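Construct the complete structure from the given sequences, taking the supplied hints into account.
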Amino acid sequence: MKIASLLAVMAVASVAFSLPGDALAQGKPKIVVFTKNVTNPFWKAVRVGADKAGKELNADIEHAAPTKPDNIEEQTRLVEDWIVRKPAAMVFVPVDFKALVPTIQKVNKAGIPVVVFSNRMSDVDYVTYVGSDDETIGYEITKYLIASIGGKGKIVHIDGVPAAITAQLRKKGMERALKEHPQVELLASQPGNYRRLPAVQVFENLMQRFPQIDGVVCANDDMAVGVAEALAAAGRGSKTKVVGIDAIPDGVAAIVAGKMQASADYSGHDQGYLATVAAIRHLRGEKLPKEIALPVAIVEKGNAKPWTVPVEEKPTPDWKKVIDAQKKL
Amino acid sequence: MIAAVQRLPAEVLFVVFTRTAFVAALVVLLAVASPHFLTTDNMIIVLRQAALQFLMAAGLTLVVLTGGIDLSVGAILGLAACVAAALIANGLVVLGVLAALGVGLACGLVNGALVAWVGIPAFIATYGMLWVAHGLGYVFMKGEVIHGFPAGFRAIGAGFLGGIPVPVLVGAVLLLVLHVVLHFTRFGRALYAIGGNPVAARLTGIRTRRVLVGVYALSGVLAGFAALVVIARTNAADSGTGEELLLTAIAAVCLGGTSLFGGVGGIVGTAIGSLILALVVNGMNMLGIATLWQAFAMGAIVILAVLADVSFKRRSS
Amino acid sequence: MSAVVRALRPPLGVLPELPGAAYLLALLAAGFSLASPDFLSPRNLGNVGLQAAALIIVSLGMTLVILTEGIDLSLGAVLGLCGVVFSLLLVSQGSLPLALGAALLIGLAAGCANGGLVAYAGMPPFIVTLGVYGMAQSIAMVLTGGNSVTGLPESVRWFNEGVWLGVPVPILAMAALFALTWVLLYRTRFGRYVFAIGGNRRALELAGVPVRAWLVAIYAYAGLLAAAASFIMTARMNAAHPTIGIGLEFDAIAAVILGGTSFEKGRGGLWGTLVGALAVAVLRNGLNLIGLSTEWQVAVVGLVIVGAVALDALRGRT
Numbered sequence: 001m002k003i004a005s006l007l008a009v010m011a012v013a014s015v016a017f018s019l020p021g022d023a024l025a026q027g028k029p030k031i032v033v034f035t036k037n038v039t040n041p042f043w044k045a046v047r048v049g050a051d052k053a054g055k056e057l058n059a060d061i062e063h064a065a066p067t068k069p070d071n072i073e074e075q076t077r078l079v080e081d082w083i084v085r086k087p088a089a090m091v092f093v094p095v096d097f098k099a100l101v102p103t104i105q106k107v108n109k110a111g112i113p114v115v116v117f118s119n120r121m122s123d124v125d126y127v128t129y130v131g132s133d134d135e136t137i138g139y140e141i142t143k144y145l146i147a148s149i150g151g152k153g154k155i156v157h158i159d160g161v162p163a164a165i166t167a168q169l170r171k172k173g174m175e176r177a178l179k180e181h182p183q184v185e186l187l188a189s190q191p192g193n194y195r196r197l198p199a200v201q202v203f204e205n206l207m208q209r210f211p212q213i214d215g216v217v218c219a220n221d222d223m224a225v226g227v228a229e230a231l232a233a234a235g236r237g238s239k240t241k242v243v244g245i246d247a248i249p250d251g252v253a254a255i256v257a258g259k260m261q262a263s264a265d266y267s268g269h270d271q272g273y274l275a276t277v278a279a280i281r282h283l284r285g286e287k288l289p290k291e292i293a294l295p296v297a298i299v300e301k302g303n304a305k306p307w308t309v310p311v312e313e314k315p316t317p318d319w320k321k322v323i324d325a326q327k328k329l
Numbered sequence: 001m002i003a004a005v006q007r008l009p010a011e012v013l014f015v016v017f018t019r020t021a022f023v024a025a026l027v028v029l030l031a032v033a034s035p036h037f038l039t040t041d042n043m044i045i046v047l048r049q050a051a052l053q054f055l056m057a058a059g060l061t062l063v064v065l066t067g068g069i070d071l072s073v074g075a076i077l078g079l080a081a082c083v084a085a086a087l088i089a090n091g092l093v094v095l096g097v098l099a100a101l102g103v104g105l106a107c108g109l110v111n112g113a114l115v116a117w118v119g120i121p122a123f124i125a126t127y128g129m130l131w132v133a134h135g136l137g138y139v140f141m142k143g144e145v146i147h148g149f150p151a152g153f154r155a156i157g158a159g160f161l162g163g164i165p166v167p168v169l170v171g172a173v174l175l176l177v178l179h180v181v182l183h184f185t186r187f188g189r190a191l192y193a194i195g196g197n198p199v200a201a202r203l204t205g206i207r208t209r210r211v212l213v214g215v216y217a218l219s220g221v222l223a224g225f226a227a228l229v230v231i232a233r234t235n236a237a238d239s240g241t242g243e244e245l246l247l248t249a250i251a252a253v254c255l256g257g258t259s260l261f262g263g264v265g266g267i268v269g270t271a272i273g274s275l276i277l278a279l280v281v282n283g284m285n286m287l288g289i290a291t292l293w294q295a296f297a298m299g300a301i302v303i304l305a306v307l308a309d310v311s312f313k314r315r316s317s
Numbered sequence: 001m002s003a004v005v006r007a008l009r010p011p012l013g014v015l016p017e018l019p020g021a022a023y024l025l026a027l028l029a030a031g032f033s034l035a036s037p038d039f040l041s042p043r044n045l046g047n048v049g050l051q052a053a054a055l056i057i058v059s060l061g062m063t064l065v066i067l068t069e070g071i072d073l074s075l076g077a078v079l080g081l082c083g084v085v086f087s088l089l090l091v092s093q094g095s096l097p098l099a100l101g102a103a104l105l106i107g108l109a110a111g112c113a114n115g116g117l118v119a120y121a122g123m124p125p126f127i128v129t130l131g132v133y134g135m136a137q138s139i140a141m142v143l144t145g146g147n148s149v150t151g152l153p154e155s156v157r158w159f160n161e162g163v164w165l166g167v168p169v170p171i172l173a174m175a176a177l178f179a180l181t182w183v184l185l186y187r188t189r190f191g192r193y194v195f196a197i198g199g200n201r202r203a204l205e206l207a208g209v210p211v212r213a214w215l216v217a218i219y220a221y222a223g224l225l226a227a228a229a230s231f232i233m234t235a236r237m238n239a240a241h242p243t244i245g246i247g248l249e250f251d252a253i254a255a256v257i258l259g260g261t262s263f264e265k266g267r268g269g270l271w272g273t274l275v276g277a278l279a280v281a282v283l284r285n286g287l288n289l290i291g292l293s294t295e296w297q298v299a300v301v302g303l304v305i306v307g308a309v310a311l312d313a314l315r316g317r318t
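Chains as they are written, first to last, in our numbering: chain C, 1 to 329; chain P, 1 to 317; chain U, 1 to 318.
Calculated directly from the structure, the hints in this document are not laboratory data.
What follows is a set of in silico ranges between Cβ atoms, one per label pair, in the way DEER data are often shown:
1. C/E300 - P/N90: 24 to 30 Å
2. U/R202 - P/V177: 37 to 43 Å
3. C/R176 - U/V163: 44 to 50 Å
4. P/L98 - U/G162: 57 to 63 Å
5. P/G152 - C/S238: 19 to 25 Å
6. U/A109 - P/G152: 51 to 57 Å
7. U/S33 - C/R176: 52 to 58 Å
When the alpha-carbon atoms are kept at most 20 Å apart in a straight line, the in silico SDA-like pairs for lysine to any residue are as follows:
8. C/K106 - U/V163
9. C/K106 - U/L45
10. C/K68 - U/I290
11. C/K154 - C/K239
12. C/K106 - U/P168
13. C/K109 - U/W158
14. C/K28 - C/D51
15. C/K106 - U/R157
16. C/K259 - P/P150
17. P/K142 - U/L292
18. C/K239 - P/H36
19. C/K106 - U/S155
20. C/K86 - U/P42
21. C/K290 - C/E135
22. C/K106 - U/G49
23. C/K259 - P/G148
24. C/K106 - U/W158
25. C/K86 - U/N47
26. C/K172 - C/E185
27. P/K142 - U/V300
28. C/K68 - U/L292
29. C/K154 - P/L287
30. C/K109 - U/P42
31. C/K68 - P/V139
32. C/K172 - U/N147
33. P/K142 - C/P69
34. C/K106 - U/G151
35. C/K86 - C/P102
36. P/K313 - U/R202
37. C/K86 - U/L40
38. P/K142 - C/P249
39. P/K142 - C/E313
40. C/K68 - P/L247
This one's a predicted model, so the numbers in the text were calculated from it and none came from an experiment. Cβ atoms here follow ideal geometry from the backbone N, Cα and C, with glycine treated the same way.
This is the structure:
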């Protein structure tokens, strides 16, 4: 009697669960694109770019992101589960560039090609690395800030998530720029964890500690906009220059409005597009450069127009142009 | 006045005394350690941060008084923030405000129904709601950020009235209202009764199930309200909004002397607890202590505070 | 009794006396096998087992704690700290026994701190373990600067990839620790006290049993299990990260409750926890395999947990 009712429950469940299974390839290669979370608009831009690549080159794109943002254990599970599904290729950014190494090695062992983007990884096989150079970005944006405050003064650094490779490299670039300008003093470097509210609160406290701050370099725009608003609210907006990284719509709007000075473009859209195109082209047998670096572009008021376009309508980069540019770099 | 104070139970006096003493000690310590601490500007910043924390923790206090817990307050805040932001960014401010409160109410009612009518432990029910609210937030936002609200709305979070930040005024009003509700209405007294002894409460005629549904619903509405202040402050909303606020809200409630066992504590304590947390964070930034130590400081302070409360209770009983 | 519960009880009474998790697991397994061609593949089933190993081990300790009407929110952070200490020592001193010993000691110490404050100071377990969570997390972050610890010797990978007598090491560890906990809980005085403290603590105290000391032991055991789980996790990532275990404690609590152990009645058991943990692991794995978008996965997990517990509540089991 008991077994019978248990079986009945299972039968009902089976019928209820007859969802459409894994879509048949139908000749289209299935490519899975990993992003770090579904909360940060940067990764949304990556997904939009990847989808455009899939539509253009006739590939089936699926997305994978952990339910708990940036969760290492979950991304590990996601990769393991995807190995079982045998995609044609993986476009991958690690939540932690060290902790995901063994799992990507498993992907290598399973013979699935991997394109890494945005965060470099070592000790794994990958077809190509697509990304901007975070160290150069940190360097260039800090140089811009230093130039805009006249080559001397006091600045504050609002860091991202300290463990993230992007934050570490950007900070290194900032330090390199500072070394070249000994007349600029770094008052403090505190993490805002790439989130607006924590950055605002940290910066507010720092504003109290340091009555004079000439410039602020923030590891991303989400924080930079918050900092700019905090300065405006305190009436110190005109005395302090703010720069950020990412050139997200919010940041670009702040630049156009004069609240922020500049942002370094770290185009998730372009990275997502190019990384996915690279994966598809690799599947077609093309040889690719080991690294595809995106140029650093500083967005300021004068040239901001192209960045005010919503990410869905942004034009996709020209693959051939990008590859040709690699040979020159 | 003296008579009124004498009527207060010893525990309440102990809590108020110890917390006030701690706040005073902190302020003195930080004022000595850092010249920029005791300035008007800095105090305003501390108060505003405390007010935001308090708004988050207010509804939670009421739930904890009944011996329950609401783990979903952060997620409800996030969902309400996203829905409201979508409307407010398009100029529909009133509708946005109503939407935030409505979302909070709906989630809170579900929590209350699960706990009171179905009988699921509050921990699990609100934990499930945490996931559902987060998920709905992600689906709604599709990874985007909504930013740019009308200046009139933004004043709620970023504005000043007579030199005092608006969130502080809002927090003060909320503190007063909730204090009155807790100590001068049947609903408030019922919360304490249920927290102290649920069986006895029912025997004295309190409709415990209704009260519980009500308190979770209220917690949800207050989370929705806090969402409005937060997005007015940051001028943006995304699906991660509010995620980091849950644990500090619980800390604020416990620091304030409200017992997780239920039946003891109050909203004034939560306000003081929020102030303490804001002072600690501000102080650490002032002294240049790495942010990595903040969680340690909060954990230690909360344990010490509750330890003191519990020890005092034992000694006096 | 509410009208809702009264209305639903008769039809639900048809279901045999198993915790909601058992039905959940059966439902999910059946559903996912049909919806995804890969679910029943040996590779995937093996994955699920390995993915669930750390969760199951931590859930064992959590079961004991919840049986005493307590809760331990620090287990995830303690796991992270143990992993960090283990890795840092291994990298700097090169001695595996030293690293293992130190990590186990940390787990033990954290558990004793939890248990001590709960038992001797009479503080609510929620707050004590929340405070310890914050402190353990901070210490781990400071020790590593928020970074992963890498450069571990190859031998560490044995904890996750090694095979002994044909069975993967994590599964063996899980089975061994399950067996150990089972014996402790159902065949020793320690176990009887676990149930008694949850069911009727006062009676035990009156009988002259040093209840407080035993309570400390229970939390200490949970801490040791967290340390054990940290070895597996560290091996899986070939790195230690301070935040690696965050969130695991909530999954463990969900697994225990789903498995039928009640917060309030000192009733429940280890098999239920095992089924509950497997249900959580299968749910996550299956949702990935059918390709449900991340956004919806988050909502579905919440709905499923609440649904399963509601089922038990309606049947009068919570």
